[in-house]
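Participant: Take a look at the letters that make up each chain.
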Amino acid sequence: MNSSTLPTTLGKVDPDIELVRRAQAGELGAFESLVERHRDVVFRVAARVVGPEDAEDVSQDAFLRAFHRLDRFRGEGAFRSWLLQITHNAALSAIGRRRPEPIEEPDEVEAEGPTAIRGPVSQLESRERRKRLEMKIRLLRPEHRTVLVLRDVEGLSYEEIGEVAEMPLGSVKGRLHRARDELIDLLRRNTYDWELPK
Amino acid sequence: MNPDRDEASPATRKLDDYLESLRTDRPSPDPALVPSVVSKARWQRAVRAPLHAVGMLVSALAGGLAILLGSEERRP
Chain U
5 MNSSTLPTTL GKVDPDIELV RRAQAGELGA FESLVERHRD VVFRVAARVV GPEDAEDVSQ
65 DAFLRAFHRL DRFRGEGAFR SWLLQITHNA ALSAIGRRRP EPIEEPDEVE AEGPTAIRGP
125 VSQLESRERR KRLEMKIRLL RPEHRTVLVL RDVEGLSYEE IGEVAEMPLG SVKGRLHRAR
185 DELIDLLRRN TYDWELPK
Chain W
535 MNPDRDEASP ATRKLDDYLE SLRTDRPSPD PALVPSVVSK ARWQRAVRAP LHAVGMLVSA
595 LAGGLAILLG SEERRP
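Protein chains in written order, with my numbering: chain U, 5 to 202; chain W, 535 to 610.
Just so you know, the hints here were simulated from the structure itself, not pulled from any lab data.
The beta carbon of each residue, even a glycine, is placed where N, CA and C say it ideally should be.
Among the hints, erroneous ones may be present.
Per the computed footprint, the stretches of chain U lying under chain W, defined by three or more beta-carbons under 8 Å from a beta-carbon of chain W, are [what the hints assert, rightly or not]: (1) 33 to 41; (2) 57 to 65; (3) 126 to 137; (4) 146 to 160; (5) 181 to 188.
Turn these sequences into a full structure, and let the hints guide you.
Facilitator: Have a look at this one:
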């Protein structure tokens, strides 16, 4: 690949590209470096989309799929987007294999009044809220889930999400809007989930 | 913070506040993930070419057999 056509960020060559080139040439160490560099984001996206129990399997699957398709990566976009596209597809496959989804709505929890005693309990409560929020995200339709996770949790640009989910910019924005509305609706079903502690 | 926040409705801003807890909590994979992926990649690469060759051979044999059986059936 001609280095003058490689993707750059503010004039700097994307370090992934050199690693991809070496991995394409058969250097397993370069592939290992790519896995090291992207394991966290791949795992996080997998965990938010399929749940923590299956996140490791989906991450492994995504990296191995990427490994066998490395020769198809042309460097037209960022390697991370390409890898997350594979992760997204691996996550959707995992969800498809286990239909109907075994996720149930979290149990109803009584909302605490403003006078509730806070303190050491609040840490536990935050953790519980976070867990419930993660479960509610997993109740979203898979196509909504990924877009919401990529934008509102991982902070990807609309353009990058378009590459990952293979859809035009307008569809990304529309889907994100619907995903947020769906999640708000799910959270509003329980006062505990929707009312932030004072 | 979500870059869309300024143009968001109050409900969406509230949702963004909730999602902040996920942005700060960043789960990471088991350290064994990388060696496990690399070892599987190495193993799969090693068996891929022979398996592909066997697959091609079986496919060619099946094709040849189908032609033979077809010509036998057509024989009066």
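Participant: If a hint holds in the structure, say so; if it doesn't, say that too.
Facilitator: Here is what the structure says about each hint:
no.	hint	result
1	33 to 41	holds (count 4)
2	57 to 65	holds (count 4)
3	126 to 137	holds (count 4)
4	146 to 160	holds (count 4)
5	181 to 188	holds (count 3)
Consistency note: the structure conflicts with none of the earlier hints.
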